[in-house]
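Undergrad: Here is what each chain is made of, one letter per residue.
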Amino acid sequence: MNMKRFLLLLLVLALALPLTACQPSSDSADAPAPASGGVVNVFNWEDYIDPAVIELFEEQTGITVNYMCFTTVEDMIVQVEANPGAFDVCFPSDYIIERMKNKGMLSEINFANIPNADPANPETCQTDPYLLKPDYDPDNKYSVPYMWGTVGVLYNVEMMEKLVPEFDPENTSWSILWDERLMSNVIMMDSIRDSMGVTLKYLGYSANSTVIPELFAARDKLIEQKKLGVVKAYQVDETKDKMAAGEAAMAVMWSGDALYAIDKAGDDVELGYFIPVEGSNVWCDAAVIPTTAKNKENAEKFINFLCDPEIAALNWNYIWYSSPNMGAIELIEAGSEELELEAYEYREDTALYPTEEIKNKCEFFRDIPENYLSVYEALWMDLKNTK
Amino acid sequence: MISNVSLPWWAWAAMGVGLVVFIAMIAMTIKRNRGMHRSLFASPYTLWMIIFTVVPVILISYYAFTDANGHFTLDNFKNFWDSHYEANKVIAAEGKRLGVDYSQYIVRGTVNWDTLVYSLWMAFQCTVICLLLGYPAALFMADRKMKLGSTLVVLFIIPMWMNFLLRTVAWMSLLEDSGLINSLLKSLGFEGVQLMYTSNTVLLGMVYNYLPFMVFPIYTVLNKMDFRLSEAAADLGCNSFQTLYKVTVPLSVPGIVSGITMVFMPSVTTFFIPRVLGGGYTMMFGDLIESKFLTEGNWNAGSALSLLMMLLILVSLSILRKVDPNGEGGGLA
Amino acid sequence: MMKLLKKCYLGLIMVFLYIPIVVLIIQSFNAGESRANWEGFSFRWYIELLQDERILNALYVTVSIAVIAMIVSTILGTLAAIGIHAMRKRPQAMMMTLTNLPNTMPDIVTGISLMLLVLFTKVERGYVTMLLAHITFDTPYVILSVLPKLKQMNRHTYEAALDLGATPVYALFHVIIPQCKQGIITGAMLAFTLSLDDFTISYFTTSPLVQNLSTLIYSATRTGIDPTLNALSALMFVALLVLLLIVNRRTAEDK
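Protein chains in written order, with my numbering: chain A, 1 to 387; chain B, 1001 to 1333; chain C, 2001 to 2255.
It is possible that part of the hints are untrue.
Cβ pair distances, simulated, as ranges [to be verified]: (1) B:1147 / A:181: 54 to 64 Å; (2) A:60 / B:1019: 48 to 58 Å; (3) A:60 / C:2018: 26 to 36 Å; (4) A:366 / B:1069: 23 to 33 Å.
Simulated from the structure, these hints should not be mistaken for laboratory data.
Built from N, CA and C at the ideal position, the CB exists for glycine as well.
Can you make the complete structure from the sequences, with help from the hints?
TA: This is how it looks when you write it as structure tokens:
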């Protein structure tokens, strides 16, 4: 057969098809901003905003949104450092905010431009008081909460009934993850801080511990779990798919992912979410403005827009993570035809809205000093090395 | 850490000298041959490789031998031997500060070494399986009587046109507990088996992805081989097995060596396959390097690991080169 | 009998190679989102695919980079292979080490080292840097496929051509290249395929503004692989098959 002709044809087709199919949007992103309202460069987690929100913002303000995504916070830091000026708003998690702040990467937010989340102005501020003055940003200077949640356990109701009949989600310890009846049925998080964090909590220590014997105890506990054969896999991103497909009985997960999995599983697989009695980790993704941002005012306009109760409710209905916006929560509970929002008993759902009791037992991750982090990393590698 | 990258002046000077030497060598070749010589065809490529391969390798080496502040250090290599090296310093300091005896916590971490050995073992198995599966395939494809050759080459390439990540994920939907194979087994009345998250699953994924790289080079060599040689062997009384063993295989050694190179190298350092099919249960060296760079953000330690990896592979390459002395410098092709 | 056995063996290998692809294609017609459960036949994901601008952009980036990288690296690599072949022992060994260097480096190291280079030179990461990176890792593979052909070639044909009055360039195009045509084609296809398939190196050499399919899919693993991506792969696959059939038929007619 004539390979040359085959290749040529291929070339022509390959070139012609996509050229006619679409214009690369990257051009529009690189192009100078339209004179009207300028641009804002947003850097967020993958699939973490309702596209309609962006459209509404562009319509109302005339500002063009360049929306970019990252998959891990570590990657986000690298990107922000490597491309100064490319991003105006980022959405890192709590302890990363602390790290970025300590590295001098964050600029102070001018809350006068963000009345919807201005802690100094309680009348207009929509932010859940629980998330004000958080440990990672005690003066509320650098960050505006976007979404938050907890780390807990997602379980498969049917499988748990079969494997551990006495299981009661209201009153269960982290020790359930060490139960031999769950042989090869637990998915742990492939993430140093999260896995060490819940194990430290299980042992009754702080999830931010820097006490050497505590850290070694946590490592030994994790190694014990791996050797028991309880763990099916160490994963992060794939877990929600796996749980929705009924692949495992239990998985340590972020509440948002858990709700996503519960929703995705639908009627096929019944899933539930609980926080063990020892308490857990609570996390918050918040909007920050890097010092290198070129469009700070537009960034603040964008953040303020996100904190508008209607917008936040709309966005919540797309993402299903816990919203820090009290106005939005009231809207969700009342329901709204205009927003095509069905009424939902938000504050009854403990996965979305943990009770005070749970909240008191949970703590935020803090940025652990670099030298102690090397201890965490060394211990985590020991776990990985266990065969 | 990477926002303020800068090299010392002597590094720039060295690069400048390198460029001058390169130009001088071209000029000398032209002079010696009184004009154009065929070897000059390689000069655009040489320049390209110097800029995009040699210089980056120098950058990596620079990182491997310096600490976060750019000072010379060998700590990154000590870290390789003892993954607890940094941690032990912290633990000792902490013990001293608190006046407690922490000596029980000061141990050597063997993860890097163990992972290296494990990766080499996995890559070795993968290469052997690919060779055993791929050699007969290449042999049959090159069989003139079958008239299938080039069509089959294309058929081997086509699966690779589907994205590598997606293909690996597709294996997952076959092998999962609720996947196709297990559903089939269950509907036939058998017990389900756990197929995912074992080292054999990872091996399967690797063989699947790298098999074509073994087949192509062998096929290329066999296809060009003079088949009259094997006919002559048959005429002289060799049975088909003897012909294969005494004539065909020795003649295809360059292809085999090339195939081994193309399979072994990427399989030592793969990181997506063990993550998806191995469930993060065991690590390969690629995972290790990736986590050093991306999760821990420790570029210096990551560079040291990469440098060691490269060194190791260069050593194995030179061993392979001995197997194929006829290939001379180009024994890998 | 032997012939049948051989065909069976090749058939089995093909089954092994194509099983996941068949699964991918079947999944792309699943009405539901789940990987495991069949919820009926539908074109839902194909319709969503055509409306998904991000995927179409990524497709454009992927294919155009693969094509350009293939052309450049085939030219660069073929010339280099001819040059290397003509070298004396020592420089030849040096060049082969250089050629094998990118293959010996783990992808992730190649990617990171190239990113470092880009950062040093203060070039903005994006389409161009990704393209340069792809050419860099494609070219050695072209050389590795062309060189064996050159070695099997009779060394004296080229010299004979020169003695008969051909210029080196004429001899190149009329003697050397036709003889190693198959190696060049294999190399080009290999380059195209590798470029299409690459994830790690692209990931480090591009900015989040310019995504190719691999980096897009990698991001998608966070939210669960979207069947639209399966649909896209299925379409690409079918397009290639149809193309192959057409070419096959035409060549058959030519004969």
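Undergrad: For every hint, state whether the structure bears it out.
TA: Results of checking the hints against the structure:
{"no.": "1", "hint": "B:1147 / A:181: 54 to 64 Å", "result": "60 Å, holds"}
{"no.": "2", "hint": "A:60 / B:1019: 48 to 58 Å", "result": "55 Å, holds"}
{"no.": "3", "hint": "A:60 / C:2018: 26 to 36 Å", "result": "51 Å, violated"}
{"no.": "4", "hint": "A:366 / B:1069: 23 to 33 Å", "result": "25 Å, holds"}
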